[in-house]
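**Student:** Let the hints inform the model, and build the full structure from the sequences given.
2 protein chains.
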Amino acid sequence: MISDKMRKNVENGSQIRAMFREGKEMAEKVGAENVYDFTLGNPYTPTPAAFADAIRTLLDTEDTTTLHGYTDNEGFPDVRQAIADNLNKRFGSHYTAHNILMTVGAACALNCILKTLLNPGEQVLFIRPYFTEYRNYVGNFDAEYVEAACDKDFMPDLADFEAKITPKTKVVLINTPNNPSGVVYTPQVLKGMGEILEKKEKEYGTDIYLVSDEPYRELVYDGITNPFVPDYYKNTIICYSFSKSLSLPGERIGYLAIPDEAADSDMMIQAASVAIRILGFVNAPSLIQKAVAKCLDEKTDVAYYDRNRKFLYSHLKDLGFECVMPQGAFYLLMKTPMEEADFVGLAKKFHILLVGTTSFGAPGYVRIAYCTSYEKIAASMPAFEALAKECKLG
Amino acid sequence: MISDKMRKNVENGSQIRAMFREGKEMAEKVGAENVYDFTLGNPYTPTPAAFADAIRTLLDTEDTTTLHGYTDNEGFPDVRQAIADNLNKRFGSHYTAHNILMTVGAACALNCILKTLLNPGEQVLFIRPYFTEYRNYVGNFDAEYVEAACDKDFMPDLADFEAKITPKTKVVLINTPNNPSGVVYTPQVLKGMGEILEKKEKEYGTDIYLVSDEPYRELVYDGITNPFVPDYYKNTIICYSFSKSLSLPGERIGYLAIPDEAADSDMMIQAASVAIRILGFVNAPSLIQKAVAKCLDEKTDVAYYDRNRKFLYSHLKDLGFECVMPQGAFYLLMKTPMEEADFVGLAKKFHILLVGTTSFGAPGYVRIAYCTSYEKIAASMPAFEALAKECKLG
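Protein chains in written order, with this note's numbering: chain L, 1 to 394; chain H, 1 to 394.
Hints were generated in silico from the structure; no laboratory data involved.
Remember, predicted model here, so these are calculated numbers, not experimental data.
One or more of the hints may lead you astray.
Below 30 angstroms or equal to it, Euclidean Cα-Cα: the simulated DSBU-like pairs (lysine-lysine) are [said to hold, decoys possible]:
no., chain 1, residue 1, chain 2, residue 2
1, H, 164, L, 5
2, H, 202, L, 5
3, H, 8, L, 5
4, L, 294, H, 24
5, L, 8, H, 200
6, L, 164, H, 5
7, H, 5, L, 199
8, H, 294, L, 294
9, H, 200, L, 5
10, H, 234, L, 8
11, L, 376, L, 299
12, H, 168, L, 5
13, H, 5, L, 202
14, L, 234, H, 5
15, H, 8, L, 202
16, H, 8, L, 200
17, H, 5, L, 8
18, H, 5, L, 200
19, L, 5, H, 199
20, H, 234, L, 5
21, H, 5, L, 5
Computed beta-carbon distance windows for the label pairs [stated by the list, open to error]:
no., chain 1, residue 1, chain 2, residue 2, range
22, H, 7, L, 135, 24 to 32 angstroms
23, H, 121, L, 121, 15 to 23 angstroms
24, H, 33, L, 374, 54 to 62 angstroms
25, L, 46, H, 166, 49 to 57 angstroms
26, H, 56, L, 224, 37 to 45 angstroms
27, H, 8, L, 342, 48 to 56 angstroms
28, L, 342, H, 162, 54 to 62 angstroms
The C-beta atom is built at its ideal place from N, Cα and C for all residues, glycine as well.
**Tutor:** Now the structure itself:
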């Protein structure tokens with residue numbers, strides 16, 4: 001007999017993962033070329049060749065006992081320093097190796113910092129829409145989540161943000177560029193959030209940590225600059241992943257950046273290191289740590305996603321669908337012209353797999369992950385056209 | 001402010017990890033050649049060359065989108081099937097890919113199966129001595145641990161084992177070959193345990209799962225055969241790691257094997273897959289999954305550890321220390337001729353770093369990890385001799 005909590009988790013499942021499996025099954029039946037699976041944020045652009053080169057060099061030159069051995073729970077010191085240097089060069093920050101903890105992807109980083117900070121019953125504030133897994137991560141530590149509203153452009157509604165902060169708010173968890181909306185928070189919004197958080201800290205006499213989940217940091221379009229979140233609030237902790245920036249989601253590699261300026265910083269760094277160990281991560285994969293450290297200036301092909309984005313947005317609009325133009329990440333929100341679940345079901349009839357946004361805290365849309373091939377997106381247009389017709393659009 | 005639980009965890013720390021750091025600091029002061037660090041189970045024997053070859057081949061032949069992409073939460077199907085086939089060939093089991101879930105090392109496997117099974121307040125039975133981290137893993141899910149005694153040879157005391165099983169016992173967690181004792185449970189002991197568990201399941205009308213943590217499965221000496229635990233009890237779940245068998249501890253790769261025979265097997269497999277996701281592991285590192293699948297018949301140099309074992313045991317005995325001859329793993333227990341903490345402190349004066357066994361639930365010994373170089377062990381003998389003299393032994 002499995003536990004009661006897990007029984008519920010199995011029953012509810014992950015809509016995204018379930019669709020991913022459904023897509024595979026559908027592909028077996030009707031042929032992969034006839035299935036248009038837009039469910040999973042699995043990058044399509046190739047990993048930069050420098051990554052394989054780095055691994056080959058490491059295998060040729062490093063002793064296996066070090067290369068594949070346990071590292072400190074917080075990672076190899078030289079890797080941590082290389083990341084600190086790279087951030088400082090790009091953002092004018094002043095991290096050292098001490099501030100950087102290597103993690104098994106951003107999901108590990110998030111769980112470790114939540115484990116570090118949360119007492120049962122404390123609150124984590126999300127801003128709609130938000131990545132569905134956050135709810136599970138908060139649940140792992142018996143804390144509560146609270147949702148703040150976004151405005152019509154999916155930017156945080158600062159008045160509601162302020163209203164939702166209570167004396168129990170320990171963490172504010174943001175994600176910009178945002179999954180699923182593709183919105184990039186502006187400097188004005190981040191400045192406003194920082195000011196509200198400082199005010200509330202004083203009002204309640206508490207520490208509130210802004211945890212910034214940044215797997216999409218490098219994926220922005222239209223020449224915009226993605227603001228560096230720690231510039232706007234001192235208690236900011238970054239959870240980073242190389243999954244999207246280097247197309248490495250399967251390798252589970254990322255980091256936590258905890259600045260000296262944050263309240264209780266040293267204790268937090270120590271505790272996060274303990275959390276990496278006792279949650280069972282132990283250390284980020286060692287070979288992969290060393291390899292990404294050699295690829296910090298590498299970039300994935302953002303222009304490829306940009307072409308997908310523009311094609312998809314303009315063609316779906318032409319078909320009569322209402323879409324939100326994303327400025328970052330690789331997701332596009334499309335308003336559902338009927339009940340969300342009905343629309344998701346209807347799309348399946350045309351072999352189009354989409355994820356409804358109810359589970360992201362913002363019902364009435366579907367998320368289209370356009371991190372797939374341009375050819376696949378182009379090929380899906382007749383199916384979308386048929387879907388639009390069925391919905392009496394256009 | 002970090003959480004209250006983590007504040008305690010930081011204060012208590014990991015004795016092993018603290019000693020590991022202390023060893024590094026000592027090495028900086030007096031030179032690495034003068035420090036005898038026997039604290040950490042970091043394998044010394046090189047990773048088999050086949051592993052690097054496998055990675056090179058994968059990098060040369062596989063598409064990066066698959067090789068470094070998200071896998072199913074439970075891993076690549078072909079990797080899972082390869083492991084099932086390998087187990088079946090070696091142990092006459094009948095696993096399929098369905099029964100094998102790839103994990104981020106055994107620590108992930110243990111956390112995921114505990115998350116899957118445990119309701120708060122349920123009990124996990126350990127047998128002394130046991131790996132210190134188990135307490136943290138059980139604590140992650142607000143369950144309780146209960147300790148059963150071992151006999152004078154560090155083999156489970158079956159009478160106490162039976163006495164400690166209650167209606168709240170959900171999991172029995174064993175580790176053979178054992179860390180820290182090096183004991184390998186005999187078929188008789190496993191048979192006895194299986195019979196007791198079946199009896200208790202009937203008596204209480206409960207399911208009790210035997211979770212077998214097997215990172216040292218391949219490390220046995222003196223030509224003995226390590227029994228295959230699932231042969232003795234149907235509700236057996238294996239948590240395996242390639243850390244020691246292929247000298248890959250830093251790469252975090254292992255698996256869960258959940259057999260069809262186990263009670264509620266299908267639900268457990270589904271739930272464990274969900275646990276891999278929601279605990280933040282997401283999937284085992286993808287490149288490393290593929291690489292170990294190509295190395296399932298590879299072996300580390302067990303003869304090397306065997307030589308260390310024999311040398312250390314005979315020399316320490318000659319110096320007057322009382323030791324337990326290990327039959328597996330790469331740890332040796334040595335009785336402390338004074339209070340354990342005092343002895344650990346005294347050994348440090350001779351630059352010998354040892355871990356006391358109080359934290360393993362069996363006070364009065366030190367654990368000597370002999371997964372280090374033969375030359376280092378030989379070089380440490382004058383320091384051990386001086387330590388013996390200081391203890392008035394010999």
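**Student:** Now look at each hint and say whether the structure bears it out.
**Tutor:** Each hint, compared with the structure:
1. 164(H) / 5(L): It holds: about 26 angstroms lies between the C-alpha atoms, which stays within 30 angstroms.
2. 202(H) / 5(L): It holds: about 25 angstroms lies between the C-alpha atoms, which stays within 30 angstroms.
3. 8(H) / 5(L): holds (26 angstroms)
4. 294(L) / 24(H): The given pair, whose Cα atoms are some 25 angstroms apart, holds under the 30 angstroms limit.
5. 8(L) / 200(H): holds (28 angstroms)
6. 164(L) / 5(H): Status holds; Cα separation ~26 angstroms.
7. 5(H) / 199(L): holds (28 angstroms)
8. 294(H) / 294(L): holds (26 angstroms)
9. 200(H) / 5(L): holds (25 angstroms)
10. 234(H) / 8(L): The hint holds at about 26 angstroms.
11. 376(L) / 299(L): Holds, at roughly 23 angstroms.
12. 168(H) / 5(L): holds (17 angstroms)
13. 5(H) / 202(L): Roughly 25 angstroms between the alpha carbons, so the hint for residue 5(H) and residue 202(L) holds.
14. 234(L) / 5(H): The hint holds at about 25 angstroms.
15. 8(H) / 202(L): It holds: about 27 angstroms lies between the C-alpha atoms, which stays within 30 angstroms.
16. 8(H) / 200(L): The hint holds at about 28 angstroms.
17. 5(H) / 8(L): Given pair residue 5(H), residue 8(L) holds - Cα atoms ~26 angstroms apart, limit 30 angstroms.
18. 5(H) / 200(L): With Cα atoms ~25 angstroms apart, residue 5(H) and residue 200(L) stay inside 30 angstroms; holds.
19. 5(L) / 199(H): Status holds; Cα separation ~28 angstroms.
20. 234(H) / 5(L): holds (25 angstroms)
21. 5(H) / 5(L): holds (22 angstroms)
22. 7(H) / 135(L): 24 to 32 angstroms: holds (26 angstroms)
23. 121(H) / 121(L): 15 to 23 angstroms: At 18 angstroms between Cβs, range holds.
24. 33(H) / 374(L): 54 to 62 angstroms: holds (59 angstroms)
25. 46(L) / 166(H): 49 to 57 angstroms: holds (55 angstroms)
26. 56(H) / 224(L): 37 to 45 angstroms: holds (40 angstroms)
27. 8(H) / 342(L): 48 to 56 angstroms: Holds - the Cβ-Cβ distance for residue 8(H) and residue 342(L), about 51 angstroms, lies within 48 to 56 angstroms.
28. 342(L) / 162(H): 54 to 62 angstroms: holds (57 angstroms)
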